[in-house]
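Colleague: Here is what each chain is made of, one letter per residue.
2 protein chains.
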Amino acid sequence: MRIALDAMGGDHAPREIVAGAVRAAQELPGLTRLILVGDEQSISRELDSFKHVPDCLTVLHASEVIEMHEKPAQAIRRKKDSSIARAIDLVKDGEADAVVSAGHTGAMVAGATLKLRRLKGVSRPAIAAVLPTENRPLVLVDAGANPECDARLFTEFAIMGSVYSGLIFKQSAPIVGLLSIGEEELKGTEKTREAFDYLSKAPLNFRGNVEGHDVFKGETDVIVCDGFTGNIVLKTSESVAGAIMFWLKRELSQTPMRKLGAALARGGLVSMKERLDPESYGGALLLGVNGVCVITHGASSSNAIFHAVRVAGESLEHQLNTHIVEQLSLLEPEAATL
Amino acid sequence: MRIALDAMGGDHAPREIVAGAVRAAQELPGLTRLILVGDEQSISRELDSFKHVPDCLTVLHASEVIEMHEKPAQAIRRKKDSSIARAIDLVKDGEADAVVSAGHTGAMVAGATLKLRRLKGVSRPAIAAVLPTENRPLVLVDAGANPECDARLFTEFAIMGSVYSGLIFKQSAPIVGLLSIGEEELKGTEKTREAFDYLSKAPLNFRGNVEGHDVFKGETDVIVCDGFTGNIVLKTSESVAGAIMFWLKRELSQTPMRKLGAALARGGLVSMKERLDPESYGGALLLGVNGVCVITHGASSSNAIFHAVRVAGESLEHQLNTHIVEQLSLLEPEAATL
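Here the protein sequences line up with chains F and D, keeping their order.
First residue of the first sequence: 1201, per the numbering used here; consecutive thereafter.
First residue of the second sequence: 1201, per the numbering used here; consecutive thereafter.
Fair warning: there could be bad hints in the mix.
Since the list gives no way to pick one copy over another, a pair counts as held whenever it fits inside one copy or between any two copies.
Distance condition first, Cα-Cα at most 35 angstroms in a straight line; then the derived DSBU-like pairs of lysine-lysine [claimed, not checked]:
hint	residue 1	residue 2
1	K1449	K1292
2	K1449	K1320
3	K1315	K1435
4	K1271	K1251
5	K1401	K1387
6	K1473	K1315
7	K1251	K1435
8	K1315	K1387
9	K1251	K1387
10	K1401	K1449
Keep in mind that the hints were calculated from the coordinates and are not lab data.
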């Protein structure tokens, strides 16, 4: 498989991107080509620091970078030679199977939707983020691609999320929940009540509403919501986890005895930290476009990039998109037309 | 001050409610009367277990209880002799100044709005929840009273939240943020963009959009959003914190060495736990009704009840409602009419 990697995206580009790419090229056996897209000089400089660069790693020059403050669709149209646009073009032109970026999320969504087009049966592509819970990974769709969206889209989100959970996390008949503010069908907003109705009729293992309290309980495999709510849930969760780890560190370094205690319990604390680390989950997938598209955190380290490339590879290996199209075709035609 | 306390609300009623009431009656000097409302027999039985019951503690019999699955407005209308309805009636009839309940949130909101009426200048009462952040308490409004609401209401939420933050947490010129999915004014939904506009023009210390990432950073005193989003943020945050403490406990008990470490660092771990404990924050206030109304967690222990009564007392002492009406009167008449 061939993966295009935006070398200029994220806070630590290109250094961490290149380092993650080198590791991926060394460790992921199915990878036949990993194309670093971006400023050739900067990328080469980073590559020079590695003794051995695997042959499958190549560079494609792109002279521009889409900055975080730019408007997504406009930036994609204007900066034709940006690393994101060029990386997506590689998939569009059949020179790569997947694209990975830690850059501008909106530009990735706009670029992939415009250039790669939607899969058959998909009205709007959606972002699937993965969250750790007490006993299994949770897929949250939509985590930000569609801040405002029709309740009917929730069915597509749920189907795409279920296929993802089934293929990547091996959940058979993934349990789907609708994010709302009460367990009963009638709780929530007009939109969630309408979505409840659509979800009940779809070929899904739909279990009804879930509340904020339930998100991290690990009783649901897929949670659906609009992109506004999903983005806030995702970022708030990261914010809480960050604050807790900050407090914990401060508390545990306040007296010599606590410091000694923390040193003895170090294994447990490290394993906690790893579990909470969003990087090991490989970023979020943009589901519903004709090509595999992985978007990782702006703060991505080389480790996050490695896992993002790994997830892109797994999605290709399991033919995620073929399964999505298949499952969406089972929807009633009336429900499928938006 | 005189406070009515729903003795039948919450998972651990009436035992924990009564225990919290006894402690409040003993420790809060300004309390002249604390009225336990609910089944007289059960309350008396609990009171019997205390050697000394302060004189200010009295009981008002109410024969019914509003159950969690009941529809709020309907339940309030039908169960006229429920503990929630009777407790609110005490405020309505001038026999109490504030009401506290760990019971049905929706019934408290509906009951207080119907019976106590709104304050002058308030279109819709809103729930203000308090969250711990890295360096100061954060007031989140609306945390669930108005799942669907007009963008213009955000200004009222912000003003009420600012008064609360100013009086109770002594923040001068509290910093207000609008919860959205990007820092720029244009990010978000039509509703948040409209709210941004209203907030910019209001007599507030408005700093613009805040994202989920910012919630626990401690750079904002008041965050406003609709009740759907607010409820999900609040409950998700509690869910994350709960999951993390669960993992931490499990990790730290896995080997004898980790156990020893945890024992040595115990002070730090306990102080972490306390900091994350929503109970010490005294529950949420229903702002905008003509009377002080505190709603605490269904899982409230006696400690939570004590703090809820304390917060009700502080709100009375600082004449929260008088200040809210004053601040709302500063709004442009055009902005104030909804």
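Colleague: Hint by hint, say whether it matches the structure.
Modeller: Cross-check of the supplied hints:
When the C-alpha separation of K1449 and K1292 is checked against a cutoff of 35 angstroms, the pair qualifies neither within a copy, at 46 angstroms, nor between copies, at 48 angstroms. In this assembly of identical chains, the alpha carbons of K1449 and K1320 never lie at most 35 angstroms apart, being 49 angstroms within a copy and 47 angstroms across copies at closest. Taking the shortest Cα distances, K1315 and K1435 sit within 35 angstroms of each other inside one copy (28 angstroms), while across copies they are farther apart (38 angstroms). For the homomeric pair K1271 and K1251, neither the shortest alpha-carbon distance inside one copy (39 angstroms) nor that between copies (68 angstroms) is at most 35 angstroms.
Taking the shortest Cα distances, K1401 and K1387 sit within 35 angstroms of each other both inside one copy (18 angstroms) and across copies (33 angstroms). Within a single copy, K1473 and K1315 get their C-alpha atoms no closer than 38 angstroms, and across copies no closer than 49 angstroms, so neither meets the 35 angstroms cut-off. Taking the closest pair of Cα atoms, K1251 and K1435 never come within 35 angstroms of each other, the shortest separation being 38 angstroms inside a single copy and 49 angstroms across copies. Proximity of K1315 to K1387 under the C-alpha cut-off of 35 angstroms is restricted to the inter-copy arrangement: shortest distance 23 angstroms between copies versus 39 angstroms within a copy.
For the identical chains of this complex, K1251 and K1387 are neighbours neither inside a copy (60 angstroms) nor across copies (44 angstroms), given an alpha-carbon limit of 35 angstroms. Proximity of K1401 and K1449 under a CA criterion of 35 angstroms is satisfied in neither setting, with 48 angstroms inside one chain copy and 41 angstroms between copies.
When the structure is compared with the earlier hints, violations turn up for hints 1, 2, 4, 6, 7, 9, 10 and for no others.
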